[in-house]
Amino acid sequence: MLDLSTPQAKLGFVIFAGLIGFFLFFPVYWLLISSVKPNAELYLTRPTLFPESFTLDHFRRALFEGGLLLQLGNTLFVSLCSAVLNATLACYAGYSFAKYRYFGRKPIMLLMLSAQMFPFGLLLITLYPSFTTWGLLDTRGGLIISYVVFALPVATYMIYSYFSQIPNELIEAARADGAGDLRIFHTIVLPISIAPVVTVVLYSFMWSWNDLLYSLTLIVSEDKRTVGPGLLLTYLNDSKADWGGAMAGSLLASLPVIVGFILLQRFFIQGVTAGAVK
Amino acid sequence: MSDLSASPTAAPRRISPHAKRGGVKAGENRFGILLLIPALTAFGLVVLFPFLEALRLSFYEFTIQMMSPEFVGLDNFRRILTDPTIIGSFVTTLIFVSLTTFFSITIGLGWALILNHPFRGQAMLRGLSLLPWVMPAVVAAFLWGWIFNSRYGLLNSLALDFGLIEYPVAYLSTNAGAMAAVVITKTWLSVPLFMAFFIAGLQNLDREQIEAARVDGAGNFHVLKDHVLPHLRPVMMVTVVLGIVGNLQHFDTIWALTGGGPVRATTVLSIEVYRRAFEQWDIGMAATVGVVWVATILPPAYFYLRQLMMRAE
Chain D
1 MLDLSTPQAK
11 LGFVIFAGLI
21 GFFLFFPVYW
31 LLISSVKPNA
41 ELYLTRPTLF
51 PESFTLDHFR
61 RALFEGGLLL
71 QLGNTLFVSL
81 CSAVLNATLA
91 CYAGYSFAKY
101 RYFGRKPIML
111 LMLSAQMFPF
121 GLLLITLYPS
131 FTTWGLLDTR
141 GGLIISYVVF
151 ALPVATYMIY
161 SYFSQIPNEL
171 IEAARADGAG
181 DLRIFHTIVL
191 PISIAPVVTV
201 VLYSFMWSWN
211 DLLYSLTLIV
221 SEDKRTVGPG
231 LLLTYLNDSK
241 ADWGGAMAGS
251 LLASLPVIVG
261 FILLQRFFIQ
271 GVTAGAVK
Chain L
279 MSDLSASPTA
289 APRRISPHAK
299 RGGVKAGENR
309 FGILLLIPAL
319 TAFGLVVLFP
329 FLEALRLSFY
339 EFTIQMMSPE
349 FVGLDNFRRI
359 LTDPTIIGSF
369 VTTLIFVSLT
379 TFFSITIGLG
389 WALILNHPFR
399 GQAMLRGLSL
409 LPWVMPAVVA
419 AFLWGWIFNS
429 RYGLLNSLAL
439 DFGLIEYPVA
449 YLSTNAGAMA
459 AVVITKTWLS
469 VPLFMAFFIA
479 GLQNLDREQI
489 EAARVDGAGN
499 FHVLKDHVLP
509 HLRPVMMVTV
519 VLGIVGNLQH
529 FDTIWALTGG
539 GPVRATTVLS
549 IEVYRRAFEQ
559 WDIGMAATVG
569 VVWVATILPP
579 AYFYLRQLMM
589 RAE
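So the sequences go chain by chain: D and L. Going by this note's numbering, 72 is the number at position 72 of the first sequence; the sequence numbering is gapless. Going by this note's numbering, 571 is the number at position 293 of the second sequence; the sequence numbering is gapless.
It is worth saying that the hints were derived from the structure and are not from the lab. A portion of the hints provided could be inaccurate.
Just so you have them, the derived chain L footprint on chain D, three or more residues with Cβ under 8 angstroms [as the list claims (entries may be wrong)]: (1) 28-38; (2) 115-126.
Mimicking EDC-like on lysine to aspartate or glutamate, the simulated pairs with C-alpha atoms at most 20 angstroms apart in a straight line are [stated by the list, open to error]: (3) D:K10 <-> L:E489; (4) L:K503 <-> D:D3; (5) L:K503 <-> L:D484.
Cβ-Cβ distance ranges computed for the label pairs, FRET-style [claimed, not checked]: (6) D:F77 <-> L:H500: 54 to 62 angstroms; (7) D:V220 <-> L:H395: 34 to 42 angstroms; (8) D:Q8 <-> L:E444: 47 to 55 angstroms; (9) D:T187 <-> L:L359: 57 to 65 angstroms; (10) D:L80 <-> L:T384: 33 to 41 angstroms; (11) L:N453 <-> D:R61: 30 to 38 angstroms.
Think of the CB as a built atom: it goes at the ideal place given N, C-alpha and C, for glycine as much as any other residue.
Make a model of the complete structure from these sequences and hints.
This is the structure:
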């Protein structure tokens, strides 16, 4: 599309690519090397761009001297539960919107999709006392319920777009063979929808894993704390300013989402931007 | 991550002509409603009920000293109009949202155009480019906080090397520096998503039309201006709206990076509401500011939802 046959065009292309690439990737590289530089090399007014010495001490401190290990476990539990629950609710709702016709379908769908525009910070104000009343404050259950709902609009729409493409003939043929609605969904529709379902699970998992606002506010006890607030409370008010530990902890906290993302990248990009091409 | 949204322009493609009316026969539709119940219940409990409750509380005075809320009519709204600190956070929000949306989209578009050009390692680079987007907000805040660090930060070191500054600067302690830092951090997190949208939008660009324009002597600039950008307009509209809605609500990286400071320099509405509710425990005012906040989100959100529903059958 771009014509790079002239040297000026080529040069411009390389400069722009270099600048944006530097902006996107250099911070990641900086995170990596800052987590393995020993303190003597870390705290320099002119930091070294290539580490001259190497240590895993920051990782040891981050993992074993703070509560990071426990927090990683908590976050994994909360994120897995909410991802699976979210995908389940989104699949049922998306299938209902895509393959059934009933009075009020469109308004209900609009209402559910609109959940994205309510700022979560506002909902938190009144959710907090309600959760206290319902006994959900400072529980993993409360956090899981919030995450399930907040990822629901996007997840439902993703899966709805996919289900809409499944030909009705397939469903009607199964029905003619005497299969019930629930059975058709579970044995015919779901097995051919693995990719979008996996995308929704990962999307919802990432949502829960990366959240700060809700986990910071709804969880009070240290033993239930998740990584977001965990990192923040460990390193932010830290008078020692342990940046090495903060970088190592950050890296460990990002690892699960990065690995999940790399494994499922192909599905994911398709899912999120699917149909942006029309 | 509320700005992530699936396939805003996804049109469910119709595979068979019978799919036009969609769905199954009327008799079985009760089952469709049944399928909705779990999602609707959860939605009502966590979104609808808290929102209506917040709407109600915006007409009440309710602080930590009070046993129960007291009805004050429109008093809270009047206070917003006369309180310079709250008006200040609206202005701060406007600055943060416009800068972040503008930079994320411009850089996202630029990067998509670059990655659309075939070269070795292109596919891998596309995948890698999405990395910042999957990082937790706190991690992004830490990382950029470390880069902006006044004593040991990379930015100061580079700026000194290039002779841009003479002495190290404490960026996060100045109003403009702190705003720049939160804008840059959020932009860094958002570029990948917008890039993905633009790359998807570039897939079905009419290459023959561009070839023809080339033959007529059009340069890169004209091809971009007359062919590529008009083609990307629908995607552009969606990303702008998504960016605005997402940035209007953004809390996590700002809270972790500056906490809304120094003083109030980066106190956007999300921080304002959070502080009022969970530091000053002034629930009534927090709810009122929150309701006005929703009102600012409504116009772009309406536009976006209309797009989604128009494509829904």
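Each hint, compared with the structure:
1. 28-38: holds (count 4)
2. 115-126: Held - the region 115-126 of chain D has 12 residues with a Cβ nearer than 8 angstroms to chain L, which meets the minimum of three.
3. D:K10 <-> L:E489: holds, 19 angstroms
4. L:K503 <-> D:D3: Holds, at about 14 angstroms.
5. L:K503 <-> L:D484: Cα-Cα ~14 angstroms, so holds.
6. D:F77 <-> L:H500: 54 to 62 angstroms: holds, 56 angstroms
7. D:V220 <-> L:H395: 34 to 42 angstroms: violated, 52 angstroms
8. D:Q8 <-> L:E444: 47 to 55 angstroms: violated, 35 angstroms
9. D:T187 <-> L:L359: 57 to 65 angstroms: 60 angstroms Cβ-Cβ, so the 57 to 65 angstroms window holds.
10. D:L80 <-> L:T384: 33 to 41 angstroms: holds, 37 angstroms
11. L:N453 <-> D:R61: 30 to 38 angstroms: holds, 34 angstroms
Hint check: violations occur at hints 7, 8; the rest are consistent with the structure.
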